[in-house]
Structures are given as C-alpha cells and as structure tokens.
Amino acid sequence: DAGVIQSPRHEVTEMGQEVTLRCKPISGHDYLFWYRQTMMRGLELLIYFNNNVPIDDSGMPEDRFSAKMPNASFSTLKIQPSEPRDSAVYFCASSFGYSNQPQHFGDGTRLSIL
Amino acid sequence: GESVGLHLPTLSVQEGDNSIINCAYSNSASDYFIWYKQESGKGPQFIIDIRSNMDKRQGQRVTVLLNKTVKHLSLQIAATQPGDSAVYFCAERRADSGGGADGLTFGKGTHLIIQP
Chain A
23 DAGVIQSPRH EVTEMGQEVT LRCKPISGHD YLFWYRQTMM RGLELLIYFN
73 NNVPIDDSGM PEDRFSAKMP NASFSTLKIQ PSEPRDSAVY FCASSFGYSN
123 QPQHFGDGTR LSIL
Chain B
4 GESVGLHLPT LSVQEGDNSI INCAYSNSAS DYFIWYKQES GKGPQFIIDI
54 RSNMDKRQGQ RVTVLLNKTV KHLSLQIAAT QPGDSAVYFC AERRADSGGG
104 ADGLTFGKGT HLIIQP
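Residue numbers (the working numbering), protein chains in the order written: chain A, 23 to 136; chain B, 4 to 119.
Watch out, some of these pointers could steer you wrong.
To give an idea of the chain A side of the interface with chain B (calculated C-beta under 8 Å), a few residues [what the hints assert, rightly or not]:
#: 1; residue: 64
#: 2; residue: 113
#: 3; residue: 124
#: 4; residue: 128
#: 5; residue: 129
#: 6; residue: 130
Here are the simulated DSS-like pairs of lysine-lysine, each with C-alpha atoms no more than 27 Å apart in a straight line [said to hold, decoys possible]:
#: 7; chain 1: B; residue 1: 71; chain 2: B; residue 2: 59
#: 8; chain 1: A; residue 1: 100; chain 2: A; residue 2: 90
#: 9; chain 1: B; residue 1: 45; chain 2: A; residue 2: 100
#: 10; chain 1: A; residue 1: 46; chain 2: A; residue 2: 100
#: 11; chain 1: A; residue 1: 90; chain 2: B; residue 2: 45
#: 12; chain 1: A; residue 1: 46; chain 2: B; residue 2: 45
#: 13; chain 1: A; residue 1: 90; chain 2: A; residue 2: 46
#: 14; chain 1: B; residue 1: 74; chain 2: B; residue 2: 59
Calculated directly from the structure, the hints in this document are not laboratory data.
Virtual Cβ for every residue (Gly too), placed ideally from N, Cα, C.
Chain B with its partners taken away, still in its complex shape:
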C-alpha cells in the first residue's frame, strides 16, 4: 500500500517464509515497471522489471506480477533471508510522457523486516 508522510508500511515475515509486497500504480498509460530495494545508507538497487505486455516475470527468488486491470503490481520474494530486510519501491514509467513526466515515478516504499 501507499503511505503518507513519515510512516512507511511495514511487512514483517519470518526468515524462510515467502513475502509479498504490493504496489498500486497511478497511471494506466505506464508501460514499464521496476522494483528496487534500498538498504540503509545506500541507493536503490534494481531487482526486477516488467513490461506492460507481460503479467508475470521471474528472477532468482523473486517474481513480479502485474495486473493492469486494477493497476496493481506485486513483488514476491521466496524463502526470505536476513539480507532481504530493506525498503522496497515500485516505480513506473509513463509511455505517453512526450517531454512531460519523464523518468520514473516511485511509490513511497514498503519496509520489509525479516524476523529470525
């Protein structure tokens, strides 16, 4: 989900469990989506991307699902590890930017905490 101000949504999962992080994007014209992971004191790190002509894409331990009907994106992380603890951002890129809102539009982020 989205957050306002200082409070990020937090997802706490047990080590070894699967986690699902959700993101509602805003623009039906967006054609490209990315998930980033950000650890404290570091920049966003690319995890996985998906184009709008796909509804699912898998990487190593991660899967991204795209539902264009409801403008929803999710990131599934299998068998979570302590190193997965971070803030996760979804980002979208508009297809019709045409000199307007170029670059990526980021969600507010979700804080994933892995419990030992």
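Only chain A is shown next, with the shape it has when bound in the complex:
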C-alpha cells in the first residue's frame, strides 16, 4: 500500500523565493497534518485538516506560511517569501479518524533557504 507521498524530497532556493511543498495522504484518511522538524525545536505541528477543512493553524509560524487542501488526496504548504530560518525538514502525516489513531508520516521535504 502506498504511504504518504511528499514532493519534492529536497528543495534548495534563495531567500525571498516562493516555496511550495506537496503532500498526498494515504487514501481514505480524513486527517492531514503538516509538521516541521529542526534540530533545535524537534517536531512541531504547523496545521492540520479534517475532511479538507483547516481545523487548527495555531502552529503556523507567520503569515508567510499558508496551507491548502483542495481535495482529499492533495495538500500544499506554501512559504512566501522564504527566509533562511525556514530551513528544516517538513513532514506531512495522515490518519483515519483523529482520536486514538496513529498518524502515518511521509519521508519529508528537506528545505534549505540560502
């Protein structure tokens, strides 16, 4: 079975550029989560969706960050304009139901902003 699929796997761009990260959740899962991982702060929840609707975006660091889920099989996380401190690994995860169900993670996008 296909797991959570993220693209690109690596992204290197200059500060000020727009960055778009993509995620395809596991088919049938109704929750989708975006996390960011850094050495200093570990794994942090940015935003999550239920049935394509954003439920909690309190973890989104700034207005430069935005996320959308136009349908059940696709989500994007956009950073515009990007800054060097946005460099991190960004993970997407999905789950079926929310309460007491494990989230399954993609292999992440390693983002480097120069």
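Keeping the supplied structure of chain A fixed, place chain B upon it in accordance with the hints.
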C-alpha cells in the same frame, strides 16, 4: 530523558540485548501515546501506541509501559537488531485539546545505537 538544543540522549546497547527508552511526558490530560522510530532521511514510523486506560501493551519485540502517576512512558525492545538503530520519539495527544493544542506533541527523541 529530554534533551536541549542539538544533543539527543544516546543509548548504546549490544546486539541481542534488550533496550529500554524512556520518555517523560508533560500533560496529565494526555490520553493517547505513540512511539515512533525515525531512521536517517526518513519520516517517523509508527511502532506502537497505548491509551491512557492501559498501563502496558505488547507488540512484536516491543512493549510500551505507561505510568500515569509519574507521567512516564517507556519503550522496551527485545533482542535488539542492527536495524533497530534509529532515533525514537514518544508523542502524546491531549484529551482536552478542544481546538487548542491538537495534533501530537513530540519529545525530543533518543538515539539508539546497536553495537555489533
């Protein structure tokens, strides 16, 4: 244990030995806990979970113990193998999130090294 900044706690065990990874969680209202394994260049991989109405759960070669009195979670791996080398994270989910801190809160992780 927990770490600050760049340094993860490291646990080094001999291949074939049992290992125990510990985690102190923060919120007494948390009702669901998960252990994840993360290998280099990959996303966290689900290992085992436990609900707060349980104190022990077993999987294949793994056991999770939950002590709610002291807010402590542990992962026991039996007969460790080279493939067990990874960073292990505990995660908790709050029961009273109510639109607040939803999603999982992750610990900083423990680096498990299996010595041949």
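Hints and how they fare:
1. 64: holds (5 Å)
2. 113: holds (5 Å)
3. 124: holds (4 Å)
4. 128: holds (5 Å)
5. 129: At about 5 Å, which falls below the 8 Å cut-off, the nearest Cβ of chain B leaves the hint on residue 129 of chain A intact, so it holds.
6. 130: holds (5 Å)
7. B/71 x B/59: Answer holds: residue 71 of chain B to residue 59 of chain B is near 11 Å, not above 27 Å.
8. A/100 x A/90: This hinted pair holds, its Cα atoms lying about 8 Å apart.
9. B/45 x A/100: holds (21 Å)
10. A/46 x A/100: holds (15 Å)
11. A/90 x B/45: Given pair residue 90 of chain A, residue 45 of chain B holds - Cα atoms ~24 Å apart, limit 27 Å.
12. A/46 x B/45: holds (16 Å)
13. A/90 x A/46: holds (12 Å)
14. B/74 x B/59: holds (14 Å)
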